[in-house]
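Student: Listed below are the residues making up each chain.
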Amino acid sequence: MGNKSSLMLQEQDIKDIQEETGFLPGQIERLYSRFTSLDKGDNGSLSREDFLRIPELAINPLGDRIVHAFFKESEDDHVNFRQFVRVLAHFRPIKHNQENNLNAREEKLRFAFKMYDLDDDERISREELLAVLHMMVGENISDEQLNSIAERTILEADTDGDQMISFEEFCAALERSDVEQKMSIKFLK
Amino acid sequence: MIIPPFIILLVTVVVLASLGKSLGLRQKYVQFLLKVFEFGRQRLAKEYGRHSEDTDDDGQESTEVISRDKLVLRPLLDKDNNERLGTHEFELGDCLDYIRTGMEAIVDDEVTKRFSAEELTSWNFLTRTNCQYEFISIRLTIFWVVGFILRYCLLLPLRILILTIGMAQMVSFTYIVGLIPDGPLKRQISRCIFLSSFRLISRGFSGVFTYHNSHNRPRSDGICVANHTTPIDCVVLACDNCYSYVGQRHGGFLSIFQRALSRASAHIWFERSEAKDRFAVARRLREHVEDPDKLPILIFPEGTCINNTSVMQFKKGTFEVGGIIYPVAIKYDPRFGDAFWNSSKDSMVSYIYMMMTSWAIVCDVWYLPPMTKREDESSIDFANRVKANIARQGGLVDLVWDGGLKRSAPKKEWKQQYQQEFSRRLKVQNVNSEKKEEKTE
Chain A
1 MGNKSSLMLQ EQDIKDIQEE TGFLPGQIER LYSRFTSLDK GDNGSLSRED FLRIPELAIN
61 PLGDRIVHAF FKESEDDHVN FRQFVRVLAH FRPIKHNQEN NLNAREEKLR FAFKMYDLDD
121 DERISREELL AVLHMMVGEN ISDEQLNSIA ERTILEADTD GDQMISFEEF CAALERSDVE
181 QKMSIKFLK
Chain B
1 MIIPPFIILL VTVVVLASLG KSLGLRQKYV QFLLKVFEFG RQRLAKEYGR HSEDTDDDGQ
61 ESTEVISRDK LVLRPLLDKD NNERLGTHEF ELGDCLDYIR TGMEAIVDDE VTKRFSAEEL
121 TSWNFLTRTN CQYEFISIRL TIFWVVGFIL RYCLLLPLRI LILTIGMAQM VSFTYIVGLI
181 PDGPLKRQIS RCIFLSSFRL ISRGFSGVFT YHNSHNRPRS DGICVANHTT PIDCVVLACD
241 NCYSYVGQRH GGFLSIFQRA LSRASAHIWF ERSEAKDRFA VARRLREHVE DPDKLPILIF
301 PEGTCINNTS VMQFKKGTFE VGGIIYPVAI KYDPRFGDAF WNSSKDSMVS YIYMMMTSWA
361 IVCDVWYLPP MTKREDESSI DFANRVKANI ARQGGLVDLV WDGGLKRSAP KKEWKQQYQQ
421 EFSRRLKVQN VNSEKKEEKT E
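Which chain is which? The protein sequence lines are A and B, in order.
Per full-length UniProt numbering, the first sequence runs over residues 1 to 189.
Per full-length UniProt numbering, the second sequence runs over residues 1 to 441.
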């Protein structure tokens, strides 16, 4: 149970969120507690600074992209609790008998795809791939070498010859990786 | 009518504190409170059990949201960088681990929760830690109201008085002692004054301190090092032993104390500009340590207050001085009142007010065996070794992170470390052999 919540979560809200995301009420309350503790200004919503105040996230090479994933849906550059939980719901582990449209394998893959596809055109271009590569390696690898890595990666994945990676090609490329496991967080009951 | 008994009570407390004796009343009070809390916890569990459908397996309440057993990003130590890593070709799926660990950090990270009050698993009848619990059941409400009246109407005035007397006593007696020339007599008398004044002040918070392993108590040939939660740490330690304090010279109210303390024994106060000069600091510390007539120095290497669930990075300055280190672990029991001072949220005055309206300040102090730096050890490794010991004894989480993150952003180098590590694991085409050897050094 949280220490203090200036904006209390209503019973109905909890039910709605449970419907939508599959989280249990206890989990939703604890996530709300976390949400309010990140919300330093007590605004009822989070800004990018609120996220990047988390040191572990600030030193994550993909930190900015991850934060950006929360703000894709919001119009005013703030994330409310519903949006917050909706994004996190993608990372719920998959249970065979629970059908939920947010944490299915395809949704997890789509989330990963959106990490690369910044302009939302359903294609990963060479520039977008280079951008992510650059975030992951910093200054340690030269641009030419990064270019060749990007080209090779696109060559391997691109089956329809358009020099870009579509979502289907992306899923095919990740066929062998254990996406469910890697994109799941162990939420405690 | 209430005044004479009040005065008798006051005098009793003052006399007992000066003599270092105790009637054991505070301990009994603490035991009684524990019984009340247990009752409250069971009642709450019953009431909440009725409302929610899913209950915990073993009835244990926990504040954890997720469990993490894979990659967790933190500042890498030198030894982490020397591992030889296999290389592989880049794949689109390589970023998945970073994404997941980033999300986990958003839900629950190691650092941000250390800078706010520890979450209790059950209510302790203080308004500040409740979520409208007092409306759950009539019995709980009654307890809360009684507790409220007890704390604010009876304990608070008493405590304010005791605290004022204690502080006045310290300032006036140190003034008198300051007139005595330096020597064994002065040391003996100042020891008595310090112990009795601090014990009196500690009763102003209903402090119940338990000291373990007193044979390891710090001596004048070394530096005492402890984890930092609140300014009250100084009082806690000063009730059992006398120390020399290190710090910046403040203005205003605090300067009165600094001057009072300095009259009775040697302390190390710095001007703000001097504090930046690390060699000057180390030199003064060393001079102090080498003088057997001076008291052991007390230093908090974290540099800031942490909320007593973890120990954060120890600054290496103290560990370069080269003397004996006496580690001390302090663990507060948060059920009686949260001792952590959140300086970005509360001012000193409101903090003291909250302390004086809590149930009590209960803590355990463990004196750990003295440690010295080994030949082949760097100061940073020595600092981490001491920190690990303190964390283990106090049951605290041992963190690599810097307490300075309370106020400032993490250093860019830490992100660069992970970029470097990722690059080293990448097999890169047409790379010349010199470059590869450079990286794997």
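None of these hints come from the bench; they were simulated from the model.
It is possible that part of the hints are untrue.
Lysine to any residue pairs mimicking SDA-like chemistry, simulated, CA-CA at most 20 Å apart [stated by the list, open to error]:
#1 427/B x 37/A
#2 113/B x 182/A
#3 189/A x 119/B
#4 182/A x 163/B
#5 46/B x 142/B
#6 182/A x 142/A
#7 114/A x 43/A
#8 95/A x 68/B
#9 113/B x 163/B
#10 15/A x 118/A
#11 113/B x 47/A
#12 70/B x 283/B
#13 406/B x 114/A
#14 294/B x 304/B
#15 189/A x 46/B
#16 40/A x 118/B
#17 21/B x 208/B
#18 415/B x 37/A
#19 114/A x 142/A
#20 427/B x 142/A
#21 21/B x 163/B
#22 415/B x 83/A
#23 70/B x 136/A
#24 316/B x 252/B
#25 415/B x 33/A
#26 113/B x 136/A
Student: Please verify whether residue 182/A and residue 163/B have alpha carbons no more than 20 Å apart.
Tutor: Violated, because 56 Å separates the two Cα atoms, which is more than 20 Å.
Student: If you draw a straight line from the CA of residue 21/B to the CA of residue 163/B, is it 20 Å or shorter?
Tutor: holds, 18 Å
Student: Given the proposed pairing of residue 427/B with residue 37/A, does the C-alpha separation stay at or below 20 Å?
Tutor: At roughly 41 Å apart (the allowed maximum being 20 Å), residue 37/A and residue 427/B break the hint.
Student: Against the 20 Å threshold, does the CA-CA distance of residue 415/B and residue 37/A hold or violate the hint?
Tutor: violated, 24 Å
Student: Is the Cα-Cα distance between residue 21/B and residue 208/B 20 Å or less?
Tutor: It holds: about 13 Å lies between the C-alpha atoms, which stays within 20 Å.
Student: Straight-line Cα separation of residue 316/B and residue 252/B no greater than 20 Å?
Tutor: Violated, at about 30 Å.
Student: Straight-line Cα separation of residue 70/B and residue 283/B no greater than 20 Å?
Tutor: violated, 44 Å
Student: Mind checking the alpha carbons of residue 70/B and residue 136/A for me, to see if they're no more than 20 Å apart?
Tutor: Measuring from Cα to Cα gives roughly 19 Å; hence the hint holds.
Student: Is it true that the CA of residue 95/A sits at most 20 Å from the CA of residue 68/B?
Tutor: Distance of about 19 Å is within 20 Å: holds.
Student: Against the 20 Å threshold, does the CA-CA distance of residue 294/B and residue 304/B hold or violate the hint?
Tutor: violated, 26 Å
Student: Just to be careful, I want the Cα atoms of residue 113/B and residue 47/A compared with a cutoff of 20 Å; is the pair within it?
Tutor: Roughly 18 Å between the alpha carbons, so the hint for residue 113/B and residue 47/A holds.
Student: Would the hint linking residue 113/B and residue 182/A be met if the CA-CA limit is 20 Å?
Tutor: violated, 25 Å
Checked against the numbered hints given earlier, this structure breaks hints 1, 2, 4, 6, 7, 9, 10, 12, 13, 14, 18, 19, 22, 24, 25, 26; the rest are met.
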